[in-house]
Every structure is written in C-alpha cells, then in structure tokens.
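As you go down the protein sequences, you meet chains B and W in turn.
Using the numbering used here, read the first sequence as starting at 1 and increasing by one per residue.
Using the numbering used here, read the second sequence as starting at 1 and increasing by one per residue.
Heads up, some of the hints might be wrong.
[Stated by the list, open to error] Below, in silico cross-link-like pairs of lysine to aspartate or glutamate (DMTMM-like), each with a Cα-Cα straight-line distance of 20 Å or less: (1) B/Lys-74 with W/Glu-158; (2) B/Lys-74 with W/Glu-104; (3) B/Lys-124 with W/Asp-113.
Hint data in this document are derived by calculation from the structure and do not stem from the laboratory.
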Amino acid sequence: MFTFSNQWWTINVGLAEMLKGGVIMDVTNAEQARIAEDAGASAVMALERVPSDIRKEGGVARMANIAIMEEIQKTVTIPVMAKARIGHFVEAQVLEMLKVDFIDESEVLTPADEENHIDKNLFKTPFVCGARNLGEALRRIAEGATMIRTKGEAGSGNIVEAVRHIRTIIKEMKQLTVMGKDELAHQAKNLQAPLELVKWVAEHGKLPVPNFSAGGIATPADAALVMQLGAEAVFVGSGIFKSSDPSARAIAIVKAAKNYQNPEKLLEASRQLGEAMPGLDIAKLAEGELMQTRGW
Amino acid sequence: MKKVGVLSLQGDFAAHGAALERAGAEPVFVREREQLSQIDGLIIPGGESTTMLKLLRYENLFDDLAEFGRRKPVFGTCAGAILMAKDVTNPAQESLGLVDIAIERNAYGRQIDSRVVELEPGPDFEKRTAPGKLEAVFIRAPIIRGVQNGVKVLAEYEGDPVLIEQGRYLVSTFHPELTKDLRVHSLFLEKL
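Sequences are here, hints too, so could you generate the full structure?
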C-alpha cells in the first residue's frame, strides 16, 4: 500500500473532492470573477491573460500580477486558484503566501525548468497538474499533486486533445486492473511511474486523486463529453470569456456539468448561447506552438 | 436496506456515497426531483454552497428540497450545513432554513487554514455510537455562531459547535465522509 508522504494529503485531496461535478473558470479581473461566481462556478482560476491570448501575443507567460489575484480573492467567496510556471517553485512559494486555494503548475505558462517539476510535497497548498497519459499523471501525484486534469490543448477551443488525454488515462487505468501482479513492475517501467502508485491504480481502477479535464472546452456539449468519458469536473479557460455572451455560456456549462448524462437537459443548456470562441485546428499548429508538450 | 439520497448537484457526493455503503445503507445520487420520493433521508454534501444554490434555482429544485426537509431526515456537511442553516453570514445568503443555527461561511479562512483535528465528542455522542476520539476534517469550513430552540450540540472544536442535531436533522461543519470513522453516518441512519 502506497503511503502518501504529504501530511496535508487528506485536506488537499478533500478540497479537490469538494470541486467535483463543478466548473472551474479562468478569469482575468474582478468583474469576470463575479460573472463566474454568479453563474455557479465552483472555483475560479485567476490569471493575467487567458490561454488563447497567451497563444496570440507570445512572449514569456508568468505567474499573474499580484494585484489582479488579490482583487479577485476579495471579490468572490469560492476558491481562487492561480498558475505557477512548471518547475518555478518560487512562484509557488509566493502564491502560497498569497493564500491561493489551489496552485496549478501549468503548461499554459512558459516553463521555468525543462527537467524538474515543483516538489509539491513541500507545500501546504494543494496543487493541480496537467497530464496526457497515466504515467504523467502518476509522476505528478508522486511529486505531491492532489488533483490531475487533462492538458488538452489550452486556448485552442478544440476538444480533440482533451478527449485523447482522458481516453488515454482511463484506458491505461483499465489495462492495469486486468494485468497480473507479476506484470505490474514492467508496466510501471513502461509508464515511467512509481510502482507503488501503479499497484494502487491496479487495485482501485482509478487515480488516488480526483481526475478533471481541461484544454479546449468551449461548449456545454464539450464539458459533458469529457465527463461522460470519465472526467469528474471541468476547467474552462478561454471558452467562456472569449465567447460572444460569457454570462450565458458560463451558466450553460455549469448546467451541463450537472446534467452531463442527460441529453434532454443538455439540449436545453445548449440553446441561445451566441457564438463560441473561434477554434484552432491542432494539426495545423507547429510543434513549437503546442502547450501540451510542456512538462516531463 | 435503507435508501439514502445524496444530493449530487456538485461537491463530494461520491465520498458520501462510499461512506453510506460502508455504513450498510444504499446511496441514491439525487439529481432529479422524482428521486426524492424514492429515499428515506437525504445527505447534502460538501462542495460550494453558492454553486449548489444556483443549480437548485436553475432546476427549480429549491422548494422541493425544502419540502422534503420538512418531512424527512436530512444530514448536511460543510456546504450542506450552510444550506440547512436558518441564518447565513459572510456574506448573507439564501438557504433552506431547516435548522435553528446561525452559520458563518469560510470562517477559518482559505485552504491554507484547513485542518484535520482530533475531537473529544460529547458523552451523548459516544453513548449513542461508540466511544473514542473523532477525527474531524475541516476544509474551508464554516463556523456555527449560534444555536437556538433545542439544538443539541454533539461535538465542539475550540468552543464552537461542529456537530449538532435538531430532531431529524444532523449537521456537521467537518467531513466525516473523508475519514474511516462511520459513527456520524451511523447516527444519521438511526434517524431514518
């Protein structure tokens, strides 16, 4: 049995449990945060630019401006998350001092370390990390992440990568549950993940932390799609505030997350939404433009 | 087997479902009005009370839930406690108003102020369940600031009530569903 080294494991996995079934929305100012909370968001992600703008404007993307994050913290009563660059443990230290409720060590920002992720077990604040497959998810959990989300392709408005990632993670977990005990060490080697965590997943058939989805969700149907595929909640980045009617879309996606198994209600939620954000064809993005390949 | 609903709009309904199974009851994940007629009691789980309130209004479930609560046992944890309280502050917010308590949201602070503590439950709780300390997981928890009209306090932390009952209602500001201790859930099942 794997014993989790982080002494704050229970309260931090616990907070992730509290966010299940909900929608976590990217916001860049207090007004957007209020719109998100009024729509029924279960948390907000405070950042300076949404991923589609980071993609468009280029340059180095860093932890958000402190004043913006503080203003958002003052505006809403729901949890406030914020992003640190991959491997930038000092940004994480600063975010902990700011008392953000969850830190996203995120591929959306420009990585600060091309080999190492943050040692998240050293922090009392919980972390969420992106993953494209089970091995990546388990490496992040071993480092102390208490929530996993698919990476998808942030800022693309295209669900195809999030679907690929959630399907891969679920499939790789299913495979573990039917493998012989004597095969798990070899599979751990293939997954490049700690054996003890691989054994845990083989026994339970799920991750030891909540498993959410992010990266390309733009419509209520997108949210319900990844949830029917096994995601337990969704992050929506550019999808809301880059659409023509953010408030209506935010409400619709909150309704869709609750009714993800009910097509009749999904139809209702999908009416009168205005224009979705413009989408990108992932196949036409150059290798260097992909955010999902950041993280190791 | 007793059928217990877990309000599954948003929050840690899955953890409550697992705790109910361990305690020997059958969980029903309540998302639709019709399901309320199939259950003997209801748990309102942890999560975000603002999100749950919005969904109750979007789906026109608010009045049905209040009506259910006037007839049947209800147990609320954390956000569920906030939804059941008569009086909610920080900020003031609408609620089902089932229990005569005043409750302050996010009263310990942000996530960094969340904690796991061992409580000495009151003698009545131990007598009705089993003796022993109670592991209490507080996550961005509210604090009960006042109790009225015969609300019974079953456990306290730092002088504030954290587990209370009033007739068929049970309320905890902590999360027994996140620990192995099933005594709080068992106490609720006794009410059914």
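What hint numbers does the structure not satisfy?
-> 1
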